[in-house]
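Position one of the sequence shown corresponds to residue 1 (the working numbering), numbered consecutively onward.
Some hints could be false.
Said to hold, decoys possible - Here are the simulated distance ranges between beta carbons:
{"hint": "1", "residue 1": "G223", "residue 2": "Q144", "range": "31 to 39 angstroms"}
{"hint": "2", "residue 1": "P206", "residue 2": "D128", "range": "39 to 47 angstroms"}
{"hint": "3", "residue 1": "R193", "residue 2": "L129", "range": "14 to 22 angstroms"}
{"hint": "4", "residue 1": "G259", "residue 2": "H153", "range": "22 to 30 angstroms"}
{"hint": "5", "residue 1": "G143", "residue 2": "K98", "range": "27 to 35 angstroms"}
{"hint": "6", "residue 1": "Q157", "residue 2": "S122", "range": "46 to 54 angstroms"}
Note that these hints are calculated values from the structure, not bench results. Here the structure is a predicted model, which is why all the values come from computation and not from measurement. Here a beta-carbon is modelled for each residue, glycine too, at the ideal position from N, C-alpha and C.
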Amino acid sequence: MRAIRFRPARVRVPGPGPVKVRGTRQSKSIWIVLAALVLAALLWQPLGLGRGIDGMRRNFVAMRYFKRATEALQQKPVNRARAVAMVDRALELAPENKPLTSQAGLVYLYAEAYEKAVQHLSHQPGRDLGEDIHLGHCLVLAGQHVEGLELLHDAYQRLGSGTPADAQGRYRRAIYLNEIGYSYAVAGAELDRAITLLQEAVQLQPLEPAFIDSLGWAYYRMGQYWQAMFYLERAVRLAGAQNNHETYYHLGAVYARMGYTRRAAKALANALEYDPQYQPAVEELQRLGWELPQPIRV
1 MRAIRFRPAR VRVPGPGPVK VRGTRQSKSI WIVLAALVLA ALLWQPLGLG
51 RGIDGMRRNF VAMRYFKRAT EALQQKPVNR ARAVAMVDRA LELAPENKPL
101 TSQAGLVYLY AEAYEKAVQH LSHQPGRDLG EDIHLGHCLV LAGQHVEGLE
151 LLHDAYQRLG SGTPADAQGR YRRAIYLNEI GYSYAVAGAE LDRAITLLQE
201 AVQLQPLEPA FIDSLGWAYY RMGQYWQAMF YLERAVRLAG AQNNHETYYH
251 LGAVYARMGY TRRAAKALAN ALEYDPQYQP AVEELQRLGW ELPQPIRV
């Protein structure tokens, strides 16, 4: 659904919320937890208590900035500049926070800051399979097709062909297949393989709109517009409120190729409601000769 064709786990930052204390045992538990946090801070920042508490505070503030970044990407219209600025600030505050640094590249990718995403992901120590796939996809979107596709090919070989027995493993495999297959479709390379990978992803998760949209877009890139329209319409119906500029653009593009001009214009206008600056939708509407909607003031 997004360019990455992958929905990363949202980083949830718990609110302060009231703490209900019932009896002495709970009170003691709270003091034990507090003491453990202080001890962790001292071990993490051995120069002193003040430095340790400051580090904890910086991590908390950094995660709040990161949460604001994800919220900026979920706005309508999307606010990519704010998302990038918030992630930059979060990394500046807590450059060694592993949960944050492992997700920052994905936010850069969703914000279409591809060069930043490549730079961040390529410098991650000890990348795992998922991070290699994200990096390969970023390279493809940044125009570095040869390097990106080579990395994705190697990642697919590591992924193997077996289907995990557990539900979580099957979903993770579907995510990886989806991202690799969509990368091939974006690059216009090995489209037969892209469709094979995406078909498996959809078989593993038949109600996941992002995977269905990916498969439809691969058929579109192959020029099989009837098949593409079937899957892209299905993806938009299933996504509902989770649709975004890209799902509507994909649907509008295939409608345009099928000659359904009014349907195409409506879908493309919907895409611009989510992202008024989304250039592919702007260009497709201009090609159709329709007047663009008034820009949305933010």
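> Do the beta carbons of P206 and D128 sit within 39 to 47 angstroms of each other?
Replying inline: violated (27 angstroms)
>> Tell me if the beta carbons of G223 and Q144 are separated by a distance inside 31 to 39 angstroms.
In response: Since the Cβ atoms of G223 and Q144 sit about 25 angstroms apart, the hinted range of 31 to 39 angstroms is violated.
>> Assuming the hint says 14 to 22 angstroms, is it satisfied by the Cβ distance from R193 to L129 or not?
In response: holds (18 angstroms)
> Between G143 and K98, does the beta-carbon spacing fit 27 to 35 angstroms?
Replying inline: holds (30 angstroms)
> Range hint 46 to 54 angstroms: satisfied by the CB atoms of Q157 and S122?
Replying inline: Given a distance of about 20 angstroms, which is not inside 46 to 54 angstroms, the answer is violated.
>> Tell me if the beta carbons of G259 and H153 are separated by a distance inside 22 to 30 angstroms.
In response: violated (37 angstroms)
The structure fails to meet hints 1, 2, 4, 6 from the earlier list, while all remaining hints are met.
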